[in-house]
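K.L.:
Dock chain B against chain A, hints included.
Residue numbers (the working numbering), protein chains in the order written: chain A, 1 to 401; chain B, 1 to 401.
Hints are computed from structural coordinates only; laboratory data are not their basis. All values reported here derive from a predicted model rather than from experimental measurement. Hints are not guaranteed to be accurate.
Because identical chains cannot be distinguished in the list, a pair is counted as satisfied if it fits within a single copy or across any two copies.
[Claimed, not checked] Below, a list of computed lysine-lysine pairs in the DSS-like style, where the Cα atoms sit at most 30 Å apart:
#: 1; residue 1: K12; residue 2: K259
#: 2; residue 1: K267; residue 2: K205
#: 3; residue 1: K355; residue 2: K25
#: 4; residue 1: K360; residue 2: K28
#: 5; residue 1: K88; residue 2: K355
#: 6; residue 1: K138; residue 2: K24
#: 7; residue 1: K124; residue 2: K355
Number of protein chains: 2
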Amino acid sequence: MEKIAPNVTAPKGFLAAGVKAGIKKSGKEDVAIIYSEVPAAAAGVFTTNTMAAAPVVISRKVAAGGVARAVAVNAGCANACTGEQGAKDAQQMAEAAAQALSVPTEQVFVASTGIIGQTLPMDKLTAGIKDAVGKLSKEGGNDACLAILTTDTTEKKTAYTFTLGGQTVTIAGMAKGSGMIHPNMATMLAFVTTDAAIDSALLQKALKDAVEVSFNMVSVDGDTSTNDSLFALANGMAGNAVITDAESEDYAVFAEALKTVCTDLAKKVAKDGEGATKFLEVTVEGAADFAAAKQVAMAIAKSPLVKTAFFGEDPNWGRIICAIGYSGVGVQPADTNIWIGDVQVVAGGMGADFKEAELKRTMAKDDVVITAKIGEGTGKATVWTCDFSYEYVKINGEYHT
Amino acid sequence: MEKIAPNVTAPKGFLAAGVKAGIKKSGKEDVAIIYSEVPAAAAGVFTTNTMAAAPVVISRKVAAGGVARAVAVNAGCANACTGEQGAKDAQQMAEAAAQALSVPTEQVFVASTGIIGQTLPMDKLTAGIKDAVGKLSKEGGNDACLAILTTDTTEKKTAYTFTLGGQTVTIAGMAKGSGMIHPNMATMLAFVTTDAAIDSALLQKALKDAVEVSFNMVSVDGDTSTNDSLFALANGMAGNAVITDAESEDYAVFAEALKTVCTDLAKKVAKDGEGATKFLEVTVEGAADFAAAKQVAMAIAKSPLVKTAFFGEDPNWGRIICAIGYSGVGVQPADTNIWIGDVQVVAGGMGADFKEAELKRTMAKDDVVITAKIGEGTGKATVWTCDFSYEYVKINGEYHT
Numbered sequence: 001m002e003k004i005a006p007n008v009t010a011p012k013g014f015l016a017a018g019v020k021a022g023i024k025k026s027g028k029e030d031v032a033i034i035y036s037e038v039p040a041a042a043a044g045v046f047t048t049n050t051m052a053a054a055p056v057v058i059s060r061k062v063a064a065g066g067v068a069r070a071v072a073v074n075a076g077c078a079n080a081c082t083g084e085q086g087a088k089d090a091q092q093m094a095e096a097a098a099q100a101l102s103v104p105t106e107q108v109f110v111a112s113t114g115i116i117g118q119t120l121p122m123d124k125l126t127a128g129i130k131d132a133v134g135k136l137s138k139e140g141g142n143d144a145c146l147a148i149l150t151t152d153t154t155e156k157k158t159a160y161t162f163t164l165g166g167q168t169v170t171i172a173g174m175a176k177g178s179g180m181i182h183p184n185m186a187t188m189l190a191f192v193t194t195d196a197a198i199d200s201a202l203l204q205k206a207l208k209d210a211v212e213v214s215f216n217m218v219s220v221d222g223d224t225s226t227n228d229s230l231f232a233l234a235n236g237m238a239g240n241a242v243i244t245d246a247e248s249e250d251y252a253v254f255a256e257a258l259k260t261v262c263t264d265l266a267k268k269v270a271k272d273g274e275g276a277t278k279f280l281e282v283t284v285e286g287a288a289d290f291a292a293a294k295q296v297a298m299a300i301a302k303s304p305l306v307k308t309a310f311f312g313e314d315p316n317w318g319r320i321i322c323a324i325g326y327s328g329v330g331v332q333p334a335d336t337n338i339w340i341g342d343v344q345v346v347a348g349g350m351g352a353d354f355k356e357a358e359l360k361r362t363m364a365k366d367d368v369v370i371t372a373k374i375g376e377g378t379g380k381a382t383v384w385t386c387d388f389s390y391e392y393v394k395i396n397g398e399y400h401t
Numbered sequence: 001m002e003k004i005a006p007n008v009t010a011p012k013g014f015l016a017a018g019v020k021a022g023i024k025k026s027g028k029e030d031v032a033i034i035y036s037e038v039p040a041a042a043a044g045v046f047t048t049n050t051m052a053a054a055p056v057v058i059s060r061k062v063a064a065g066g067v068a069r070a071v072a073v074n075a076g077c078a079n080a081c082t083g084e085q086g087a088k089d090a091q092q093m094a095e096a097a098a099q100a101l102s103v104p105t106e107q108v109f110v111a112s113t114g115i116i117g118q119t120l121p122m123d124k125l126t127a128g129i130k131d132a133v134g135k136l137s138k139e140g141g142n143d144a145c146l147a148i149l150t151t152d153t154t155e156k157k158t159a160y161t162f163t164l165g166g167q168t169v170t171i172a173g174m175a176k177g178s179g180m181i182h183p184n185m186a187t188m189l190a191f192v193t194t195d196a197a198i199d200s201a202l203l204q205k206a207l208k209d210a211v212e213v214s215f216n217m218v219s220v221d222g223d224t225s226t227n228d229s230l231f232a233l234a235n236g237m238a239g240n241a242v243i244t245d246a247e248s249e250d251y252a253v254f255a256e257a258l259k260t261v262c263t264d265l266a267k268k269v270a271k272d273g274e275g276a277t278k279f280l281e282v283t284v285e286g287a288a289d290f291a292a293a294k295q296v297a298m299a300i301a302k303s304p305l306v307k308t309a310f311f312g313e314d315p316n317w318g319r320i321i322c323a324i325g326y327s328g329v330g331v332q333p334a335d336t337n338i339w340i341g342d343v344q345v346v347a348g349g350m351g352a353d354f355k356e357a358e359l360k361r362t363m364a365k366d367d368v369v370i371t372a373k374i375g376e377g378t379g380k381a382t383v384w385t386c387d388f389s390y391e392y393v394k395i396n397g398e399y400h401t
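One chain only, chain A, in its complex shape:
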């Protein structure tokens, strides 16, 4: 796999645009369209929140249909907890995009992100969709990436080329965070485009598998949003033989590429968690299985006490072992070893003999790796999170007003 300039329009046959429709208070780009020139195999993974927003309900049906031509997205209003009106608005959003693009409505994914409980300003939105469709281009992927952001401070995109049956295939993705980030689903909004040819059922399977080890391994604050959605469109324009066998070498290659794209995006989301000053990678090994390893890693990654300690660059390893202890996995002190970077801070459940200055240097870095070995099992998991800062409190105390 080769990394290329990141843009959702990098795969053949995809165009995009992002425009300013006046939905965000800031006046920035807030409506995006991603469009495939030919029908694409479609897949999606959506929030497990029972208060799923209206666009999620519609996009689930599109994913079930297995074919998509486009995605219409807005930021600034989540169209969640909006009842009947919200359902109508989401449907109208899909129709507006379908009409402007001359494609079937049931082949248009929709997604919204922003404040919960407000209805969409439909006049602005439909005008924005029309505007965006008129501006679709290869370069438009950059504006599209801007249009999906809310409190994000950075754009999150990635792209690769790789070879499938002698053909060069391109796969790309973009995502937005950055509050309400927590697993149990395709966290936040993310969009993957590829010109690979693959059966839609297999695309769905590969996407679900990729989510498990990427987006579902991210926690910013433990909140699973009402709007979380991950979309994948594969339009086949690379010309590879269509992947139809989950046991084939081609499927394995494609699935690996999809995992890489999803992991890239997931890490970017964690890194740009609201108010984050540090990126934390937590690896737990020696567990009975993956699930147990993940449970312990998540207990560490979700602990506000751990997260504030890293913000303060405070070598308070007691909070890490405390989180391991209440994780529910039943880890025993004597089996517990912890490293921060290369510095072992806990050996057999007790403080290890380390140089505090060395640990301080490690904790002062922007990216910090925490590793815990909790036994002799083969279960291993890595999760990504960020520290908890004053800014997190500020952003979330003032978001609405």
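P.N.:
Chain B in isolation, oriented as in the chain A frame:
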């Protein structure tokens, strides 16, 4: 029940002291002794954290024995994750208190709170215990309450009198918070004294029941500490007929009094959560049962997004309904109604028609009540928490150093 001046020495036959032993960096009171002039029925509820601290291991045995004469406590060092040395130190702590008080070692509860991973300064501690024993008095309860605090900003104590079989009985308690506060157990350190006469097995039962609706309904930050312990000593000096029947009226009266004391202390702990500027009471009703109601209430109370919104007095009710949606209980939008104070903000899963100014006034108060009705069931639960402020981040980013 009548509220009286709060002091753990209020019940007959209890003395206490708190002294400065030099364990806290601040130089404040850090060693406390509570002493009963006669053997008391003893009970305890302890942390479920598998990294349970050394004093917890010892105190569990005392509770199992059913008789206690005293409690020895220190703050400033948790004696957790300290291995063999920690176990020896905790044992020596109990022995030092037993010797100074001339009581059996196996009748001395011990408790420690403070930084994890450091061993106790035994010279200072044993000198402090001796000093405290020399200063035991009725007035000493006040100093004892100071000596158990860490980042707490207020003392937490309560006391009542009530009548059992014609005799006036007194029950009192004190507690410390205020970080690492989360259920799954007697959260933090708490001590209940009473002159009621009750069988130790029934005392244990009443204590466990009281914890379920008091301390286990508090969440400050979701972290269950290595040292959480709740102790109860009942010395019988009130002269009531010993309670030996869990079905008796006397047991019911006593159990209710114990619940009241534990609930008072639990609410004080939530109110003084690290960095708290607001006390939040979250009640969920209409659930299938208590467990479901508690699960939803805890999802709301633990959400950093909800907690920061209340800190910012931001009427962002979407975060409350979002938390209900990911709680795992399967609440449907149409069944969901939410009030902040008296103001209904969500009706049938959608924003209700309320006056924003009225809601702002409600959210500006120091104590805010959130009520969610999620169906027609009879399950109801109330949990207590606090908001999430800049101070929380500051306190926990700098605690260790």
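K.L.:
Hint by hint, say whether it matches the structure.
P.N.:
Hints, one by one, checked against the model:
Only within a single protomer do K12 and K259 lie at most 30 Å apart by alpha-carbon distance; the minimum there is 20 Å, versus 68 Å between protomers. Only within a single protomer do K267 and K205 lie at most 30 Å apart by alpha-carbon distance; the minimum there is 22 Å, versus 48 Å between protomers. In this assembly of identical chains, K355 and K25 lie within 30 Å of each other by CA distance solely across copies; the values are 22 Å between and 50 Å within a copy. Within a single copy, K360 and K28 get their C-alpha atoms only as close as 40 Å, which misses the 30 Å cut-off; across copies the closest is 28 Å, which meets it.
In the homo-oligomer, the alpha carbons of K88 and K355 lie at most 30 Å apart only across protomers (26 Å), although the nearest pairing inside one protomer, at 62 Å, exceeds that limit. Taking CA atoms no more than 30 Å apart as the test, K138 paired with K24 passes inside one copy only; the shortest distance there is 24 Å, against 64 Å between copies. For the identical chains of this complex, K124 and K355 are inter-copy neighbours only, at 26 Å across copies versus 59 Å inside a copy, given an alpha-carbon limit of 30 Å.
Violated hints: none; the structure is consistent with every hint.
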